[in-house]
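S.K.: Based on these hints, arrange chain B on the given structure of chain A.
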Amino acid sequence: MQLYVPTSAPPKRKAFRAPVLSSLEGTRIGILENGKLNAEEMLREVADLFVQRHGCTVRTLASKSNASAPAPANTLVKVAQDVDFLITGLGD
Amino acid sequence: MSAASPRIQEVPDDLLTAIDYCYEQGWTDGLPVVPPVIDRVKAMLAADSRPAETVIATHPATTLELTLHAAAVNAVMAGCLPDYFPVLVAAFEAMDRPDFNFHGSTASTGGSAPLLVVSGPYADQINMNSDVNLFGPGNRANATIGRAVRLILRNVFQMLPGISDKSTQGNPGKYSFCIAERTRGNPWPPLCAAQGYPEGTSSVTVFAGGGFCNVENHGGNTPEQVLGSAADAMANYGCITLGQSVVILAPEHMRIIAAAGWTREQAQEFLFAQAKRSVEGMKNVGKYRDREYDTQHGDKAHALAEAGFVHRGLTPDDILITMGGGDAGGHSCFIPSWSRGRGSIMQHAAIRA
Chain A
1 MQLYVPTSAP PKRKAFRAPV LSSLEGTRIG ILENGKLNAE EMLREVADLF VQRHGCTVRT
61 LASKSNASAP APANTLVKVA QDVDFLITGL GD
Chain B
1 MSAASPRIQE VPDDLLTAID YCYEQGWTDG LPVVPPVIDR VKAMLAADSR PAETVIATHP
61 ATTLELTLHA AAVNAVMAGC LPDYFPVLVA AFEAMDRPDF NFHGSTASTG GSAPLLVVSG
121 PYADQINMNS DVNLFGPGNR ANATIGRAVR LILRNVFQML PGISDKSTQG NPGKYSFCIA
181 ERTRGNPWPP LCAAQGYPEG TSSVTVFAGG GFCNVENHGG NTPEQVLGSA ADAMANYGCI
241 TLGQSVVILA PEHMRIIAAA GWTREQAQEF LFAQAKRSVE GMKNVGKYRD REYDTQHGDK
301 AHALAEAGFV HRGLTPDDIL ITMGGGDAGG HSCFIPSWSR GRGSIMQHAA IRA
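Top to bottom, those sequences are chains A and B.
End of the first sequence sits at 92 in our numbering; the numbers just go up one at a time, nothing left out.
End of the second sequence sits at 353 in our numbering; the numbers just go up one at a time, nothing left out.
Only chain B is shown next, with the shape it has when bound in the complex:
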């Protein structure tokens, strides 16, 4: 528990003045925020039964703490409704694990942003979008949950652009990067089930995402063709590392894969096997490192790791793959990991709601 008491500031009783005041204090991501008035924060806190001073995440380098109260204040500012709060809390409980390394992934020149993938019935309960325009804009839950993550990183953990967040080029996902997994028409078990949560329990997966790469293929009619396009994106010289991957398949692409009876595991294995570059090619672009090759091809090498090649990731399990987006369009996407490797490992947590 934190000993610090919530602090209150008085501002003139005018909404626009309060919005300007938040700007003046440096509390925003550049967009206007909802002033965190007392009643709204209390309503947000009511969505979690634990004491407001409960610490849900701690910055590993500075020891700054995120309490439920501070999370609620920033959630109000982002525009969240109280029903969204359990997703935000679960996301930070997952990000708090050392392997996620949220300090490094938010401070780095690499410029990743935490991607949240919400899986299970709670996504529908709070009207999240898993369909057309998946990555936005237009849905309040998706937009504001992702935005609250950024405001907490900024305000609570002091990850300030140019000071402690040294991202070379930033990332549009740093404003908001939050989606729901689409279950309608999805032939595979939801991620929350694959992650081992009991039926009815939803989860949020957090991944330090390095950007967004559209995978267009309107001509392929086999899993190999569709997934081959995704694998090629995963292995592009600008992205290929030993890091993890997120692949969100468009429903059009998923129908092709499902019609052939492919499981998620088959798709993961195909992508891992195909997302590779030759050692010679890696050397030609100056990205080859003995140490990384040995990590991938040493005693613990996966059977699909091919000698003479650098694959993306270490195993097929390093690839999170599911479905999302609108019915029309051969547009899937690949989201690379932060920077050059395994500095951040994706995590997931149950949503307590």
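Just chain A, same shape as in the assembly:
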């Protein structure tokens, strides 16, 4: 008996990690909050730890209107021009 395989072929897009920063000292931070109840508060707390421990600067706060949808490309492009790394995460 011959069966068709019901699963998908591998995705076209390959995910990869961004290169690791050589140092955190004095870097510029962006925050991307996803609109959930405590997202901004939690992410600011995390960012404050980087400020205290590594002398980082919080440069920008970007927001998503839909927590479960990818951030719009223009949001990421705009933020990327101004920061060295971005902090994001859930906030429930």
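For the record, the hints were derived by calculation from the structure and aren't laboratory data.
Where a beta carbon is used, it is the ideal one built from N, C-alpha and C, also for glycine.
Errors might be hidden in some of the hints.
Stated by the list, open to error - Per the computed footprint, the stretches of chain A lying under chain B, defined by three or more beta-carbons under 8 Å from a beta-carbon of chain B, are:
1. 9–16
2. 67–76
Said to hold, decoys possible - Below, a list of computed lysine-lysine pairs in the BS3-like style, where the Cα atoms sit at most 30 Å apart:
3. B:Lys166 x A:Lys64
4. B:Lys283 x A:Lys64
5. A:Lys36 x B:Lys300
6. A:Lys36 x A:Lys14
7. B:Lys300 x A:Lys12
8. A:Lys78 x A:Lys12
9. A:Lys36 x B:Lys42
10. B:Lys283 x A:Lys12
11. A:Lys12 x B:Lys166
12. A:Lys36 x B:Lys283
13. B:Lys300 x A:Lys78
14. B:Lys300 x A:Lys64
M.R.: Structure of chain B alone, referenced to chain A:
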């Protein structure tokens, strides 16, 4: 078009062994599937005139693609007949639109399931159930079309429970959640007409449904009483958000509303106006958010949005309301949106048949 060719696996020539093989491969929703043999898949594909490699939906996060061929394989596994295939295809064409956000709505802890509402003559042509036991069980078309949606989400888009589907409690509709709109005794235009499709064209509406809430009222004899019960369900503290709603009226309830001459639009406006909670009440249960209130009461606020209250949805049009179910019983239902708001917006598409 996808460059990937359909893959074939050889299994021993024994049906039960093939069913077990599908289990072993992780291809099922927990129930046995029909092994997707070549001839059945080809018969399914014949229900759509386009090339088998035509892509009808793409996962926004992983770029995994759903071709007609893959849809047909999973439709066979779900137990669909070829005549059901156009409904399944239309459902995914609707779900593929960004506003439906099928990745988020299937991955979320919120645990929604895509509800399909089929409207128009095609529902009768394929013997869908719009009557007694509307949400099942018992009808092959309803059960297997809804099941095929789940198998595609699992097998093609890899929305796997516990891995990429992180639903806290799941949802019975994740096995199958597919109904037909009842036209017999329905005083309102069918949804497909209200959606603007030409006469004779059927449609499927997809909605990321967060569950099922029975709305019982055997004593009310006015539209306000019957719809008031539905509005109360829509505004319960566990469900109320700015999200959309589906309300399926039982024929007994619809007769009361129709006798008073209410239109669908009147019913929608009544439900929107009444399905609300006070700001104070929302604060008391910890669900109030300035941002959401401002969205509902800002410059674009609907005239029925009452200051000091959080309504369900943003406008009366956010409430899909029609009729379904058996003749007996004062049991309508409300189906809430996925999770806390407007992460998924219902869509509809024409059924090409």
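S.K.: Now tell me if each hint is right for this structure.
M.R.: We went through each hint and held it up to the structure:
no., hint, result
1, 9–16, "holds (count 4)"
2, 67–76, "holds (count 4)"
3, B:Lys166 x A:Lys64, "21 Å, holds"
4, B:Lys283 x A:Lys64, "24 Å, holds"
5, A:Lys36 x B:Lys300, "22 Å, holds"
6, A:Lys36 x A:Lys14, "28 Å, holds"
7, B:Lys300 x A:Lys12, "41 Å, violated"
8, A:Lys78 x A:Lys12, "26 Å, holds"
9, A:Lys36 x B:Lys42, "46 Å, violated"
10, B:Lys283 x A:Lys12, "46 Å, violated"
11, A:Lys12 x B:Lys166, "24 Å, holds"
12, A:Lys36 x B:Lys283, "16 Å, holds"
13, B:Lys300 x A:Lys78, "28 Å, holds"
14, B:Lys300 x A:Lys64, "20 Å, holds"
Hints 7, 9, 10, counting from the list given before, are not met by this structure.
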